[in-house]
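Given these sequences and hints, build the entire structure.
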Amino acid sequence: DTGVSQNPRHKITKRGQNVTFRCDPISEHNRLYWYRQTLGQGPEFLTYFQNEAQLEKSRLLSDRFSAERPKGSFSTLEIQRTEQGDSAMYLCASSITAGEKLFFGSGTQLSVL
Amino acid sequence: ELKVEQNPLFLSMQEGKNYTIYCNYSTTSDRLYWYRQDPGKSLESLFVLLSNGAVKQEGRLMASLDTKARLSTLHITAAVHDLSATYFCAVDPSNTGKLIFGQGTTLQVKP
Numbered sequence: 001d002t003g004v005s006q007n008p009r010h011k012i013t014k015r016g017q018n019v020t021f022r023c024d025p026i027s028e029h030n031r032l033y034w035y036r037q038t039l040g041q042g043p044e045f046l047t048y049f050q051n052e053a054q055l056e057k058s059r060l061l062s063d064r065f066s067a068e069r070p071k072g073s074f075s076t077l078e079i080q081r082t083e084q085g086d087s088a089m090y091l092c093a094s095s096i097t098a099g100e101k102l103f104f105g106s107g108t109q110l111s112v113l
Numbered sequence: 001e002l003k004v005e006q007n008p009l010f011l012s013m014q015e016g017k018n019y020t021i022y023c024n025y026s027t028t029s030d031r032l033y034w035y036r037q038d039p040g041k042s043l044e045s046l047f048v049l050l051s052n053g054a055v056k057q058e059g060r061l062m063a064s065l066d067t068k069a070r071l072s073t074l075h076i077t078a079a080v081h082d083l084s085a086t087y088f089c090a091v092d093p094s095n096t097g098k099l100i101f102g103q104g105t106t107l108q109v110k111p
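Same order as they appear, the protein sequences are chains A and B.
Under this note's numbering, the residue at position 59 of the first sequence is numbered 59, and the numbers go up by one with no gaps.
Under this note's numbering, the residue at position 41 of the second sequence is numbered 41, and the numbers go up by one with no gaps.
Treat the hints as calculated values from the structure; they're not laboratory data.
Heads up, the beta-carbon is just placed ideally off N, CA and C, and yes, glycines get one too.
Be careful, since some hints might not be right.
[What the hints assert, rightly or not] Between beta-carbon pairs, the in silico distance windows are:
(1) A:R22 to B:G59: 33 to 39 angstroms
(2) A:G72 to B:V80: 39 to 45 angstroms
(3) A:P70 to B:S45: 38 to 44 angstroms
[To be verified] Okay, derived cross-link-like pairs now, DSSO-like style, lysine-lysine, Cα gap no bigger than 30 angstroms in a straight line:
(4) B:K56 to B:K68
(5) A:K11 to B:K41
(6) B:K56 to A:K101
(7) A:K101 to B:K68
(8) A:K101 to B:K41
[Said to hold, decoys possible] If you want the footprint, here are the derived chain B segments under chain A, 3+ residues with CB under 8 angstroms:
(9) 11 to 25
(10) 101 to 107
So this is what it looks like as structure tokens:
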């Protein structure tokens, strides 16, 4: 399967802990996106990369959040000092280039206790 | 503020019936997307509409776009249980992949 892969699928953590999620996009897709989805809502944009360059970050992305795409392939999203409000599904998507269809991964469901 | 509004938010219908989901958006956008999401799963792309008057059909679903009215519709024909899911529309005003999603329409098709 050459779709977008995300790990882990589920993460349960205690408030104040740090967590890191990984996303492997479709091979040769230059664009990689992170979205967050809470229950009953549509996904909200967090940030995106063109190859290894992070081009835009949403105001939703506080200083506790950091994303990287070190070699223009996989990406990581780290949340430091997690809060209960961080509980959500974190979705990764990729596209071959700007303006093309986004392919979404299965997401990482984060629960902060 | 950029807004994408879907109507209705919840739809319960009988198998075999027809219905339409509406998606209004508040900013110009060259393209509009429809996605399907099953409970606990990710988003599956259904349609990409790229121009005014675009119409696309796949099975029992048909999507259309009116960029002047900033309105897209997703029409369901002769619904079947397998169509039960949440449907999202999204626009991409900056053509960067920074999608703005609607709240979603949860469709429940009853036998």
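To see whether the hints hold, each was checked on the structure:
no.	hint	result
1	A:R22 to B:G59: 33 to 39 angstroms	holds (34 angstroms)
2	A:G72 to B:V80: 39 to 45 angstroms	holds (43 angstroms)
3	A:P70 to B:S45: 38 to 44 angstroms	violated (28 angstroms)
4	B:K56 to B:K68	holds (18 angstroms)
5	A:K11 to B:K41	holds (15 angstroms)
6	B:K56 to A:K101	holds (15 angstroms)
7	A:K101 to B:K68	holds (22 angstroms)
8	A:K101 to B:K41	holds (18 angstroms)
9	11 to 25	violated (count 0)
10	101 to 107	holds (count 4)
Checked against the numbered hints above, the structure breaks hints 3, 9 and satisfies the rest.
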